[in-house]
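K.L.:
So the sequence shown is numbered by the numbering used here: it starts at 9 and just counts up by one.
The set of hints was computed from the structure by calculation and includes no laboratory data. Virtual Cβ for every residue (Gly too), placed ideally from N, Cα, C. A few of these clues could be false.
Listed next, with one range per pair, are the computed distances between beta-carbon atoms [unchecked claim]: (1) L187 to T46: 29 to 35 Å; (2) T46 to W234: 41 to 47 Å; (3) H71 to H317: 31 to 37 Å; (4) Q284 to H317: 18 to 24 Å; (5) N264 to D354: 31 to 37 Å; (6) D386 to I322: 26 to 32 Å; (7) H317 to L211: 52 to 58 Å; (8) E345 to D386: 20 to 26 Å; (9) T46 to V146: 37 to 43 Å; (10) H71 to Q218: 40 to 46 Å; (11) D390 to F125: 47 to 53 Å; (12) D68 to H110: 15 to 21 Å; (13) L320 to T148: 33 to 39 Å.
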Amino acid sequence: MKMLWLSAVILAAPLVGCKAPDDDEKLSQELNVNSRYTVENVHISGEKLKLRISDPLRTDIDHMVGQKLDDSKIKRLAERIQTELSAVRVDVKITRGAEPDHVVVNFEVAPTKQQDFDMNVTKFLYNSKEGWTGDGMVSTHIHGNTFIFGLTSDGDTAVERFAGIRARYERPNVGTGRLKLSFEFDGYHEQWNRSTLLDSDPLDIYRARQVFTPEATVVILPSLEWSFGVSFARLQVPVAGASTTSKTESSNAVVNTLRYHQRWGSERDPQDQDLQAAYDLSSGTGFLESDSVFTRHLATARYAFRQGHNHLEIGFLAGHINGSAPLYERFVLGNSETLRGWNKFDLDPVGGTHMIHGSIDYRYRIFQIFYDTGAIWDRPQDREQKQSVGVGVKGFKKECFQLAVAFPLRAGHADPIFYAGMNF
Numbered sequence: 009m010k011m012l013w014l015s016a017v018i019l020a021a022p023l024v025g026c027k028a029p030d031d032d033e034k035l036s037q038e039l040n041v042n043s044r045y046t047v048e049n050v051h052i053s054g055e056k057l058k059l060r061i062s063d064p065l066r067t068d069i070d071h072m073v074g075q076k077l078d079d080s081k082i083k084r085l086a087e088r089i090q091t092e093l094s095a096v097r098v099d100v101k102i103t104r105g106a107e108p109d110h111v112v113v114n115f116e117v118a119p120t121k122q123q124d125f126d127m128n129v130t131k132f133l134y135n136s137k138e139g140w141t142g143d144g145m146v147s148t149h150i151h152g153n154t155f156i157f158g159l160t161s162d163g164d165t166a167v168e169r170f171a172g173i174r175a176r177y178e179r180p181n182v183g184t185g186r187l188k189l190s191f192e193f194d195g196y197h198e199q200w201n202r203s204t205l206l207d208s209d210p211l212d213i214y215r216a217r218q219v220f221t222p223e224a225t226v227v228i229l230p231s232l233e234w235s236f237g238v239s240f241a242r243l244q245v246p247v248a249g250a251s252t253t254s255k256t257e258s259s260n261a262v263v264n265t266l267r268y269h270q271r272w273g274s275e276r277d278p279q280d281q282d283l284q285a286a287y288d289l290s291s292g293t294g295f296l297e298s299d300s301v302f303t304r305h306l307a308t309a310r311y312a313f314r315q316g317h318n319h320l321e322i323g324f325l326a327g328h329i330n331g332s333a334p335l336y337e338r339f340v341l342g343n344s345e346t347l348r349g350w351n352k353f354d355l356d357p358v359g360g361t362h363m364i365h366g367s368i369d370y371r372y373r374i375f376q377i378f379y380d381t382g383a384i385w386d387r388p389q390d391r392e393q394k395q396s397v398g399v400g401v402k403g404f405k406k407e408c409f410q411l412a413v414a415f416p417l418r419a420g421h422a423d424p425i426f427y428a429g430m431n432f
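Whole structure, please, built from the sequences with the hints as guidance.
P.N.:
This is how it looks when you write it as structure tokens:
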């Protein structure tokens, strides 16, 4: 217990610089930007001024004139300008207009003489039951193309621990800003928990997997997009009775994802709301010469509300699998995002074909409490609702360290699980 508190004190140190802007900082801004202001004009300035942006983006920019100022729309437009012009960054400056309660929005494109090169730690987590998980990537933008390379060792999200590389190519503008293309290759080696090995069919265990996924994304509306493509997976499966010999099996599937994202208000407003939802459909089929034939449905939703220093998040997950899916496609509860406080191998060591989960997180400044409930099962008679609660410390910025301790709600002795890291 003493070591637990010592770790908490050490890891909490980075939170010192992760506080929210105080009221004096907000009041010192030249202009208090909120929805009562009307956009008088929009300008794009900088080194890339003479380059032609796409017609849909130009139309969306022109439509801002005469509308009420919406910070979330401005941020999305700045991101689209940055993507289309391959700029290092796009700064937004808002100045007073000629008319009362009117403003001028300036998108300032930063110089691009230096190569755009980013390094990010997308996930860094310590779980007192499962150990460390880390995920990082580097990306570069060249002539409108994005190249991403990543390394990962993940013992949190799937039944197995997988470690390896990811390589991804993205073209965010294919003739129009409403169509994107991407190609991703993943190569992983697997490590299995003893509980999984004992409960699973030996033919379901694989030593390595490589996945290639070409995908297209269509922007239907500013808040709605649809991605579709094909996933080709090769699994290295040991031959029965042989410790070193293996064979290759395939799991090829058509993949679809429909995403919705809408935000009301902004960080500058007294309150703001954010809604994200997605529906994923994957179908492994013999038409693609897949050894695994299955259909996988997954629905996710998350609503976030902020009022001053109070933050509330409500999350929901539901999934269903028909057929025989490989283990990495099966659902998992009992990790850093679902049923926190439970060990995933105690709930279902091989993953489930049915899953439902809900969570409520409340945070005041940096102090957080949360509640999770859910169930995972294969047969209806195995369905059993589980619950957990926890407390933690969470910074205002995504890259800040987070600390949490969660307790499973069950009869008898319950061992808590300690989490530390960022972006989980």
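K.L.:
Look at each hint and say if it fits the structure.
P.N.:
Hints, one by one, checked against the model:
1. L187 to T46: 29 to 35 Å: Because 32 Å falls inside the window, the suggested range holds.
2. T46 to W234: 41 to 47 Å: 33 Å, violated
3. H71 to H317: 31 to 37 Å: Holds, since H71 and H317 (Cβ atoms, about 34 Å apart) stay within the stated range.
4. Q284 to H317: 18 to 24 Å: 22 Å, holds
5. N264 to D354: 31 to 37 Å: 33 Å, holds
6. D386 to I322: 26 to 32 Å: Holds - the Cβ-Cβ distance for D386 and I322, about 27 Å, lies within 26 to 32 Å.
7. H317 to L211: 52 to 58 Å: 54 Å, holds
8. E345 to D386: 20 to 26 Å: For E345 and D386 the Cβ distance comes to about 21 Å; the hint holds.
9. T46 to V146: 37 to 43 Å: 42 Å, holds
10. H71 to Q218: 40 to 46 Å: 45 Å, holds
11. D390 to F125: 47 to 53 Å: 49 Å, holds
12. D68 to H110: 15 to 21 Å: Distance hint for D68, H110 holds at roughly 20 Å.
13. L320 to T148: 33 to 39 Å: 38 Å, holds
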